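Novice: The residues making up each chain are set out below.
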Amino acid sequence: MKLKTALLTTVFVTAAASVATAQEITVMSWGGAYTKSQVEAYHKPFTAQMGIAVNSVDSDNPATPIKAQVEAGNVTVDVADVEFSDAVRLCDEGLLEEIDLSILPAAPDGTSAEDDFIEGALQDCAVANIVWSTVYAYNTENNDGTPTTIGDFFDTAKFPGKRGLRKSAKATLEMALMADGVPAGEVYDLMETEEGIDRAFAKLDTIKGDIVWWEAGAQPPQLLADGEVVMSTAYNGRIFNAAVAEGQPLEVVWDGQILDFDLWVIPKGAPNKEEALKFIAFSTDTQRLADQASWISYGPARKSSGALVGLFNDGKTEMAPHMPTAAANLENALVNNFEFWVDNDAELNERFNAWLSQ
Amino acid sequence: MADMTADLSQAGQEKLTTADGKPLKAALASAQARSKRRAFFLVAPLLVFVLMTFVVPIGQMLHQSVYNPDFVYKTDVTTKETTPIMVNLRAWFDENPRSTEPDEAAYAALVADLVVLREVKAAGIAGTRINYERSGSRSLFTKSARKAGKLEAPFKEALLDVEDEWADPTVWAAMRDASSAYTLNFYLAAIDKTRGIDGSVENVDEKRALYVKLFIRTLVLSVLITFLTFVLGYPIAHMLATLPLRYSNLLMILVLLPFWTSLLVRTTSWMVLLQSQGVVNDALVGTGLLADENRIQMMYNQIGTIVAMTHILLPFMVLPLYSVMRPINPSYVRAARSLGATSWTAFRRIYFPQTIPGIGAGALLVFILAVGYYITPALVGGADGQLISNLIAFHMTKSLNWSLAAALAGLLLAGILILYWLYDLLIGIDNLKLG
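Line by line, the protein sequences are chains A and B.
Quick note on the working numbering: the first sequence kicks off at -3 and runs consecutively.
Quick note on the working numbering: the second sequence kicks off at 151 and runs consecutively.
None of these hints come from the bench; they were simulated from the model.
Note that the structure is predicted; figures quoted are calculated from it, not measured.
Among the hints, erroneous ones may be present.
[To be verified] Some chain B residues well away from chain A (every beta-carbon gap over 10 Å; in silico): (1) 169; (2) 188; (3) 197; (4) 222; (5) 248; (6) 266; (7) 311; (8) 363; (9) 386; (10) 503; (11) 509; (12) 515; (13) 534; (14) 550; (15) 562; (16) 573.
[Unchecked claim] The calculated lysine-lysine pairs, modelled on DSBU-like cross-linking and capped at a C-alpha distance of 30 Å, are: (17) 299/A x 312/A; (18) 166/A x 548/B; (19) 32/A x 271/B; (20) 271/B x 63/A; (21) 343/B x 204/A; (22) 343/B x 166/A; (23) 548/B x 158/A; (24) 271/B x 166/A; (25) 357/B x 158/A.
[As the list claims (entries may be wrong)] Label-pair distances were calculated between CB atoms; the ranges are: (26) 110/A x 237/B: 34 to 40 Å; (27) 41/A x 230/B: 34 to 40 Å; (28) 230/B x 311/A: 49 to 55 Å; (29) 206/B x 189/A: 45 to 51 Å.
By construction, the Cβ of each residue, glycine as well, lies at the ideal position given by its N, Cα and C atoms.
Model the full structure from these sequences, guided by the hints.
Specialist: Following this line, the structure appears as structure tokens:
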């Protein structure tokens, strides 16, 4: 009898709990300092104001589990943070819900959301929240002199030592071309041609023996701090975190940076679509985007947020100069061409993998 | 048993019956059937488990490697309804042989299908499928589908106006190949081959050839690692087996402790040891054996993969060897020595042959684990320490070309089964002792 009572109680408690947790959404992101910035700037205020709990989960790249979940018909994620080319590709494949852009709030001065977001930040199935960039950084303690240009990254005579690079064709080929003297505006035109690709690989060949390849965003700060490499490409926010929050002697070189968006998407068949839409509208308003920038040095996707970006959460570091979108950092910058990569990703990565194993 | 009951019934004059009057033969048969059923029920959970977690997924994987319907129909992810796509074009392909130049009818069919692609939102999927065969085709589909609704006859000119790439015969060859859901093209891609315009199999461009080289590298490194674990593990196992139990148990902990430690912890420990600012290099530099600028690169290359994997897989060699060596009676070797054999001859002719089942089991375990190893080469392998499993993971998680990943995995599976068969042929699987 006791057992039966216990079982029944469990059943009722579980049932009650599932009613109580109906107001809950699951948000998938990239982990580390980045997820933390989202939890602080979006999730906590969202729960406080809307009464909807946010369950945060991480993945190396949320695009992959989304594809798997939607195709298996077992979607558990309501909102996911994905890269631009993945957002476009998943949308084209019908794996994402379309987002009605009229739900997005206007800027405080009344500018409509469509005008307020940076060009390209709003897509059929995706709303951008941050602008991040691939930059290279160096360890000030084991470099003689100060590297200042993207060319210096490839100059092992002037700056001897190992280099860290992301094991992926994306961003690597563009940087090689810019280092070879191609102006940012011509990089993608050149990459459409076979000669352009050959030229990029030829440039990479010059330092191939000195490269340490990384895959996860947390690796480059580690490699730099260990002295395993003297310079490494990295996501700018991770270097900022290591340098400012952890006090590592790391410095970012903005010349030749490659800008990209991270966007919110809703997988097709998400269990709590209504709440997910509310979350996206809430988290991409002017104030939230500006708040996130006080946790990590990624630029807000709204123009109106720029003026509100203040100090890092240590209370003394001015964030503006650390943003990829700061005017001084944009002098020689490339905006990632998502259309090019949606198209050529498979082909170029195959060639990149073949080149790696040669 | 059945024979015996038959004999009994023939031998006896009257039919033998059980106490309740049933014929003994029938009663026995039903009792046997019952116990068989009961035995089956005992095995059933395991059988279902193996079916669900092993046979079905592997079957699905193999199916995925030859089946890709993305150019044939589109499945709505929520309702699971399937809509046929590219109907008109596939009909045209059926009517016209491969050598036919695409004519106005072909272009009209293509435009009609592009309009459907737009309606059912399948342009991205269909384009991705063609992109696997011919890169750069994806945007051709998405862009053209967007404009297809407004095109008017003559369709050939109209479509070429939108995108002149449609005139490229490789696009048409790729569409023809993709128009059947069942295809061997992913297996071709997995061995660095591709189909030409006329459908013949040709080698891919040398700059893109990758997989054959990686399969060979995986095989060579796995054999090398198996050999290294044998060379290192054999003396250890011998020592453990011959020491008195109270010492050997203590030493066994040293083998088992790393075995019980997380794989990731062991791999990252090797990173700490081997990296160029790591413990080994620091020690060499500190003792003056190595100049500071000549630090040895032992990590992010093949050396890293070999060292870390040899260490991680060592227990899989030591444990089967130990279990085979422990019961070997030392008096055999003593007898050989007393009959005049040198210690080497006694080892070679008497001791070693008795350990072969352990070597076989250890080598098979280590080799099969090494062939499929993924985490360690991914972390310490750098560029030239990558194995085929890293490429399978790449296609699973990054390029999302699951059919190609399945084809690569299928080839790997086939290779292992062939090696297993060879092993059975040469050594005999009943000669395997795992413990």
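Novice: All the hints need checking, so say for each whether the structure fits it.
Specialist: Tested hints:
{"no.": "1", "hint": "169", "verdict": "42 Å, holds"}
{"no.": "2", "hint": "188", "verdict": "28 Å, holds"}
{"no.": "3", "hint": "197", "verdict": "24 Å, holds"}
{"no.": "4", "hint": "222", "verdict": "15 Å, holds"}
{"no.": "5", "hint": "248", "verdict": "24 Å, holds"}
{"no.": "6", "hint": "266", "verdict": "14 Å, holds"}
{"no.": "7", "hint": "311", "verdict": "20 Å, holds"}
{"no.": "8", "hint": "363", "verdict": "6 Å, violated"}
{"no.": "9", "hint": "386", "verdict": "32 Å, holds"}
{"no.": "10", "hint": "503", "verdict": "41 Å, holds"}
{"no.": "11", "hint": "509", "verdict": "32 Å, holds"}
{"no.": "12", "hint": "515", "verdict": "27 Å, holds"}
{"no.": "13", "hint": "534", "verdict": "7 Å, violated"}
{"no.": "14", "hint": "550", "verdict": "6 Å, violated"}
{"no.": "15", "hint": "562", "verdict": "17 Å, holds"}
{"no.": "16", "hint": "573", "verdict": "29 Å, holds"}
{"no.": "17", "hint": "299/A x 312/A", "verdict": "24 Å, holds"}
{"no.": "18", "hint": "166/A x 548/B", "verdict": "12 Å, holds"}
{"no.": "19", "hint": "32/A x 271/B", "verdict": "36 Å, violated"}
{"no.": "20", "hint": "271/B x 63/A", "verdict": "16 Å, holds"}
{"no.": "21", "hint": "343/B x 204/A", "verdict": "27 Å, holds"}
{"no.": "22", "hint": "343/B x 166/A", "verdict": "25 Å, holds"}
{"no.": "23", "hint": "548/B x 158/A", "verdict": "26 Å, holds"}
{"no.": "24", "hint": "271/B x 166/A", "verdict": "27 Å, holds"}
{"no.": "25", "hint": "357/B x 158/A", "verdict": "25 Å, holds"}
{"no.": "26", "hint": "110/A x 237/B: 34 to 40 Å", "verdict": "38 Å, holds"}
{"no.": "27", "hint": "41/A x 230/B: 34 to 40 Å", "verdict": "38 Å, holds"}
{"no.": "28", "hint": "230/B x 311/A: 49 to 55 Å", "verdict": "54 Å, holds"}
{"no.": "29", "hint": "206/B x 189/A: 45 to 51 Å", "verdict": "47 Å, holds"}
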